[in-house]
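Residue numbers (my numbering), protein chains in the order written: chain A, 1 to 359; chain B, 1 to 378.
Be aware that one or more of the hints could be misleading.
[To be verified] Here's a subset of chain A near chain B, in silico, CB distances under 10 Å, partners left out: (1) VAL130; (2) PHE148; (3) ALA269.
[Said to hold, decoys possible] Rough simulated footprint, nothing fancy, chain A against chain B, three-plus residues with beta-carbon under 8 Å: (4) 78 to 87; (5) 188 to 202; (6) 229 to 239; (7) 261 to 271; (8) 287 to 294.
Because the hints were derived from the structure by calculation, they are not lab data. Ideal Cβ placement from N, Cα and C applies to all residues, glycine included.
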Amino acid sequence: MNRLEVKDLTVTFPTADGLVQAVRGVSFELEAGKTLGIVGESGSGKSVTMQTIIGLTRGARVSGQALFEGQDLLAMKSDDLRHVRGAEISMIFQDPLSSLHPYYRVGWQIVEMIRAHQEVSARAARLRAVELLRLVGIPQPERRVDDFPHQFSGGMRQRAMIAMALANNPKLLIADEPTTALDVTVQAQIIDLMQSLQKELGTTIIMVTHDLGVVADIADKVIVMYAGRAVEEADRRTLFYRAHHPYTRGLMGSLPGKGGTRERLNPIAGQPPSLIRIPSGCPFHPRCPFVMDRCLREEPPLLDVGTEEGHQSACWLPPDLVGFDRQVDARRWTAAEADRTGRARVLAKGRALTAEPAS
Amino acid sequence: MIHAVAPGSAPQDSDVLVRVDDVRKYFPIRTGLLRREVGRVHAVDGVSLEIRKGETLGIVGETGCGKSTLARCIARLYDLTAGTVVFDGRDISRLSRRRMRPLRKGIQMIFQDPIGSLNPRRRVGSIIGDPFAIHGISRGEDRKHQVQELMRVVGLNPEHYNRFPAEFSGGQRQRIGVARALALRPKLIIADEPVSALDVSIQAQILNLLTDLQDEFGLTYIFIAHDLSVVRHVSDRIAVMYLGKIVEVASVSELYARPRHPYTNALLSAVPVPDPDQADQRERIILVGDVPSPINPPSGCRFHPRCPKAQNLCTEVDPPLEVKKDDRAEHVAACHFPVEVGEKLSRARAGIAQPERQAAVEVSHEAVEGAIGPKEKT
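So here's chain B without its partners, still in its complex pose:
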């Protein structure tokens, strides 16, 4: 199912499960007695995406880049400021809560904090049974059987039906979260940092579980994580976000082999590699400064104040997300001066009007590739 779309060809409508078009989500900032609006946080600022049936789309980016907000917009946990979300052929962007409810069966979420998302006073069986209760699907013994079957599927002991969340370990609690998300046989599961709170050995158990469930139930995943090696492991395609916008989308192998956006380059080069030889060889791109405030995002390309390749054009014109020269049709990047394969992001170029910056940026594609290892999908 994953490769229903030939690389390079535009996906057919029937292959697309979710179509996100120019979605914006602004949060008003209010102060004073009258709660007057004094500004807006541009959390998601014009994102368009397609998620195909059966694939895993990874979304990566730093804290505050809007990846979680985007996910919540897609799940319609937030109302959109602008734009449309089409799920399974139906525009859900303006649906009321009541009309949204039956559709919620199709979209489920898994959250980061397995402790915070489970009520400590309720028994696990009833927590997992919630989706059935809310949607009035089954009751009594029948529901219990279904819940126990779910527990078995996610690798929990069905006999623990009457235990409390505190009696489970972190990894098991995340399995409870997975079971609950799976209960209504959704088409789309949005996993927001599902393994970030777990130790590595437990993290691997959950990643394997998610992969198995996808194969078994033909699920589509949106997988959000700040850990790029995790995202790389589970995803078919990856979207890179920066300050409310998507700066690059490509298949995993393309993105790692030829990242075009300077931010993608920096992000990939910053991931620590658990291999001493590769760690010694590579050159990290050290980005200067912090992510600017999303209340007043920089003009033009939002990355320009930190970008080693920025020129005057970048301060004025926001680059569109488009296919760059020699790239495959599914590989898009939003950059006026995309990074060429083999190019070194030079130390000398200090970028635009940043008096405090000491540009310390150097990387080559060989280094990035060597560090992460070129990867072909099977």
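Chain A on its own, in the form it takes in the complex:
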């Protein structure tokens, strides 16, 4: 059964400069006990999607559905939602210092979290808090439970946040860049912790990140977001080895470490678009090396591509063109060239960074 089902989620923010179209029709499903990775650059809408699901986007205009075990979170009254949030769904944010209250002891904050959702005595809740801190690897939890957040290191704060998020054994854990502010060694500790908790408690995890390495490590399924939309969705291996969308392809090409040392990287040209003025047609067309005439006019929907079940991509290129090698790129280029006249041809010129056929 699907633990979470998001249908056609749209989120806009009215601002003085115009309407910010943060999320533009995102749909996905997530099975219980699985990990979903959502990747994308700043402003792709990945965080807003998650915050909207749990009702944390104030002042936003929201439409669509977010079904958590059949209940629509977006249609819930705020009191009911508050009960679900914290007890059944919890969230870990990027910056643990601003998510912990500086005036209250860490243990007290966890106790508060437990007692808000469960009928337990203060003493039992405190014991549980100590146990949770031990679980997430805080040394001497009996003593540290009475520390203030500033007495914790960055890694310890993040672990305390996780302890708090796990206080009520949530069914769904949403982690928004949980390790971005941390060193790699601490990041490894945190990811290890999340994985073992999932194994033990069957927690469903959504991991929002810009780090493709983290996704390659832990996600079962990955969604790539761009300009407020899901542009590609696939299982982890398919995405990393047989991606279809030129944006996904570009992201992988931008990563150092795959090619040799000092080899030139293949960055994506240009910058992500403004969410107030989203380009016509496919929002990626101003940066895409495979731009075609059609891309300027029509925004592609998510279509089945490749050979794997559930692999979808929002791109007008032929569905069988998946993967990263030069031959496939050359075929992409040829396919695009066939559809190009006038403007698309001008746009594609000089953008051949990722796409130059071997000629």
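For chain A, the structure is supplied; the task is to place chain B on it using the hints.
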């Protein structure tokens, strides 16, 4: 230029641009009415290094290991507590501000935060022109031409000379920072986390730019980053720092093929690899605990409280940075019990007197190598 030094041979004096010898930087901690000194943060605690002309030296380590402080000591943005820095054959470690000023042309920095390091109220042309103004190099139309030429070199549109920083994106702002650093044709550029604040696609653009500029102008880089895949991509050699000290220095290929220090092993194994197959195969070394406080660093080897290989000797004697058996002359590590190729850092060894630790450490060199991929430089 990069390979002017044959591997295994000691570098000639003429090849060395910067020589750092036993540099220390302590920050006093003062409290109370009289601002009495109650302790010292040992931010950099006895670092010796050589940076050769035309190379890129990467410095990696966790938050608080002293890598940025070391960089600022080399650039003489800080006064040194002890030790010497020789830049281009000249001892700059004790120079006054005034006498340092003409030499600053030779050493420039690029910072992490492209927004914080640009004055929002000034136009980009004048920001990039600052170095010319400060050093009284050119003025008027002449300066404008030079600034526009710089903008072109770093991939900015010279017509945007009169725009404000806010009108540029993050990647473009970092290009402004690069242009400013480049203005005086420095010999050494110290880049402190130059791409950490940028999205991957933009990060790749800046990395390419830095590589191109190095080739074009024969620059020497010190490249500081916590992202090891970035450091690996740009560096010729890498120095690994832990708690104010250098624990290992080697060429990139050596370091990844045979990391000797247990900390290096742990660090390399912790980097997430954007490749599912490799990610599944490898074993991460999960270090227990946090980095100790640099106010009271542990005795002996500073890594011993977290080290899976630590023995009693490690708590007493600080290991020197030296060439280990079978290693190349340029590969040095500071460890009494260096990791052998193929060795598993075993789970069973809990290290020294750490009641709270649950050692969860296992790795093999095959795993690390498989994860990162053996790499030979061209």
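Hint check results:
Because the smallest distance between the Cβ of VAL130/A and any Cβ of chain B comes to about 14 Å, over 10 Å, the interface hint for this residue is violated. Because the closest C-beta pair between PHE148/A and chain B is about 17 Å apart, greater than 10 Å, the hint is violated. With its C-beta approaching chain B no nearer than about 8 Å, ALA269/A sits inside the 10 Å limit, and its interface hint holds. Only when three residues or more bring their CB closer than 8 Å to a CB of chain A does the claim for the segment 78 to 87 of chain B stand; here the count is 0, and the claim is violated.
Look at the segment 188 to 202 of chain B against chain A: 4 of its residues bring a Cβ nearer than 8 Å to a Cβ of that chain, three or more, so the hint holds. Counting residues of the segment 229 to 239 of chain B whose C-beta lies closer than 8 Å to any C-beta of chain A gives 6; at least three are required, and the coverage claim holds. Residues of the segment 261 to 271 of chain B with a Cβ under 8 Å from some Cβ of chain A number 5, which satisfies the need for three, so the listed coverage holds. With a threshold of 8 Å between beta carbons, the proposed coverage of the segment 287 to 294 of chain B by chain A holds, since 5 of its residues qualify and at least three are required.
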